[in-house]
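Student: Sequence:
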Amino acid sequence: MMSVIASNITPVIKKVLLGLLLFLISFFVLFWNEGDANISEIAETSIEVQNIANIDKNALHKKFVSITGALETNQQLEDIFLKKNYYIQINRIVETYKVNTRKNNKEDQKKIITHEWVQNIENKNEGKDYHRDKKLQSITQTTNFIALSGYKISIDEIELPATEPLILTQENTIQTNNTILLNQKYLFKGYGSLQQPKIGDIRISYTVINAPSQLVTLFGKIDTINNIITPYYYNDNKKIYKIFNKTREESIIELKKEDIAASWIIRILGFSLMWTGLLFIATPLFLFISVIPFIGKFGTIGIILLTGLISIILSTITIFISIILHNIIILVIVIVLIITGLFFYIRNTDDKSHKKLIT
Numbered sequence: 001m002m003s004v005i006a007s008n009i010t011p012v013i014k015k016v017l018l019g020l021l022l023f024l025i026s027f028f029v030l031f032w033n034e035g036d037a038n039i040s041e042i043a044e045t046s047i048e049v050q051n052i053a054n055i056d057k058n059a060l061h062k063k064f065v066s067i068t069g070a071l072e073t074n075q076q077l078e079d080i081f082l083k084k085n086y087y088i089q090i091n092r093i094v095e096t097y098k099v100n101t102r103k104n105n106k107e108d109q110k111k112i113i114t115h116e117w118v119q120n121i122e123n124k125n126e127g128k129d130y131h132r133d134k135k136l137q138s139i140t141q142t143t144n145f146i147a148l149s150g151y152k153i154s155i156d157e158i159e160l161p162a163t164e165p166l167i168l169t170q171e172n173t174i175q176t177n178n179t180i181l182l183n184q185k186y187l188f189k190g191y192g193s194l195q196q197p198k199i200g201d202i203r204i205s206y207t208v209i210n211a212p213s214q215l216v217t218l219f220g221k222i223d224t225i226n227n228i229i230t231p232y233y234y235n236d237n238k239k240i241y242k243i244f245n246k247t248r249e250e251s252i253i254e255l256k257k258e259d260i261a262a263s264w265i266i267r268i269l270g271f272s273l274m275w276t277g278l279l280f281i282a283t284p285l286f287l288f289i290s291v292i293p294f295i296g297k298f299g300t301i302g303i304i305l306l307t308g309l310i311s312i313i314l315s316t317i318t319i320f321i322s323i324i325l326h327n328i329i330i331l332v333i334v335i336v337l338i339i340t341g342l343f344f345y346i347r348n349t350d351d352k353s354h355k356k357l358i359t
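Take our numbering: the last position of the sequence shown gets the number 359, and nothing is skipped along the way.
Honestly, the hints are just simulated from the structure, not real lab data. Zero decoy hints are in this set.
Once the Cα atoms are required to be at most 20 Å apart in a straight line, the calculated SDA-like pairs of lysine to any residue come out as:
id: 1; residue 1: 62; residue 2: 238
id: 2; residue 1: 83; residue 2: 172
id: 3; residue 1: 185; residue 2: 91
id: 4; residue 1: 257; residue 2: 37
id: 5; residue 1: 83; residue 2: 72
id: 6; residue 1: 256; residue 2: 267
id: 7; residue 1: 62; residue 2: 230
id: 8; residue 1: 185; residue 2: 85
id: 9; residue 1: 84; residue 2: 167
id: 10; residue 1: 83; residue 2: 212
id: 11; residue 1: 57; residue 2: 147
id: 12; residue 1: 185; residue 2: 162
id: 13; residue 1: 239; residue 2: 157
id: 14; residue 1: 63; residue 2: 234
id: 15; residue 1: 84; residue 2: 186
id: 16; residue 1: 63; residue 2: 240
id: 17; residue 1: 257; residue 2: 45
id: 18; residue 1: 246; residue 2: 45
id: 19; residue 1: 98; residue 2: 193
id: 20; residue 1: 84; residue 2: 169
id: 21; residue 1: 83; residue 2: 169
id: 22; residue 1: 15; residue 2: 284
id: 23; residue 1: 239; residue 2: 253
id: 24; residue 1: 152; residue 2: 51
id: 25; residue 1: 256; residue 2: 44
id: 26; residue 1: 246; residue 2: 147
id: 27; residue 1: 15; residue 2: 272
id: 28; residue 1: 152; residue 2: 233
id: 29; residue 1: 152; residue 2: 240
id: 30; residue 1: 256; residue 2: 237
id: 31; residue 1: 185; residue 2: 203
id: 32; residue 1: 15; residue 2: 282
Sequences and hints are given; from them, build the entire structure.
Tutor: See the structure below:
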C-alpha cells in the first residue's frame, strides 16, 4: 500500500495544489458575480426619449438614452428569389430534404433512418445523384445604413432585434422555371412536393427586418451634434448598445431575465470550480481509500457526495455574504440589526446580573 502511495506522490501534490487554486478562484468568481452591475439596472438609468423632434439637443448631448421608434434605411436589399425592397436585414434559409441515419445508442447496432429538412447539406456525393443546387446556401444580408428617428446607428456594433418571417407573395418574390411559390412561407425547388418531398428537394424561406420596422427601443449614447447613436459604456467596461422589438418597459424586463440567467450561470460555474477544487484537494484520500478492500468504491462515492455538500454550503454562504457586502442598503440594515441585537442582549444580561445582586 505504501509503495502505491509513494509512486503517486508527485501527481497527488500537483492535483492538491491545482485544487487549492480552483477553490480560491471559486470564491473570487462568486464574489465578483454578485457585485457585477446588471445591464437591466443600468438601462433603467437611461433618459427616456419619446418624441425626439422636441428634445433639448444641448441637454441630451452625449447622454445615455432609450429611444422608441421605427428603424429606417435609405438602401434597398434583394436576393435571388426576393425582389428589391427596403429591408434592414434579410435571412435566406435554404433547407434540403435528406436521409438521416442514426443509432439509439452505441451498443445498439440497429440504425434508424429518418427523412428531414436540413440546412446547408455539404454531402458532395448527393450532387451526383440528385438535382440539388450546391451553390444555393443560407445567407444573411444587412443594409449598410440604419437610422432611428433620423439618428444614424453603427451597424457594425449594434445588436439588432430578431428577424420576423416574411410572407411570400407573387409581388415580392422572383420565381424561375424550376422554382415555384407553394404557400406564403416557402418557395420550392425539386421533383416532389412540399407535402411529399423527394431526396434533394429544396425549400427556401425568408426572415427579415422590414424598413420602416415595427416600433423598437434602442439603448445607447446620443450624439445630437453628429446625429448618431453610439454604444454606451458603463464604468468604461460594460457596453450597452441594443435594439428590442419591445417598449422601453418590456425591454428592461427582458434584460432582467437575461441578467438572472447570466448570474445563475456564473453561480453554477463558481460552485463547479469549488467542487472540482475540493475533489482535487481530496486526492490523497481517494488514493488511500482505493487500496483498502471493500471500502474503496463506497468511500469514493462518500467523498464525492461530501465535497459536493460542502461546496453547496460554502457557495450559498459566499453568495449571501457577497450580496450583503455589495449592497449598501442591505449592509446598513444588517449592521443595524446586529447592533440592535447586541444592545438587547447586553441589556438583558445586565438585567439578569442586577437581579442576582438584589437576591
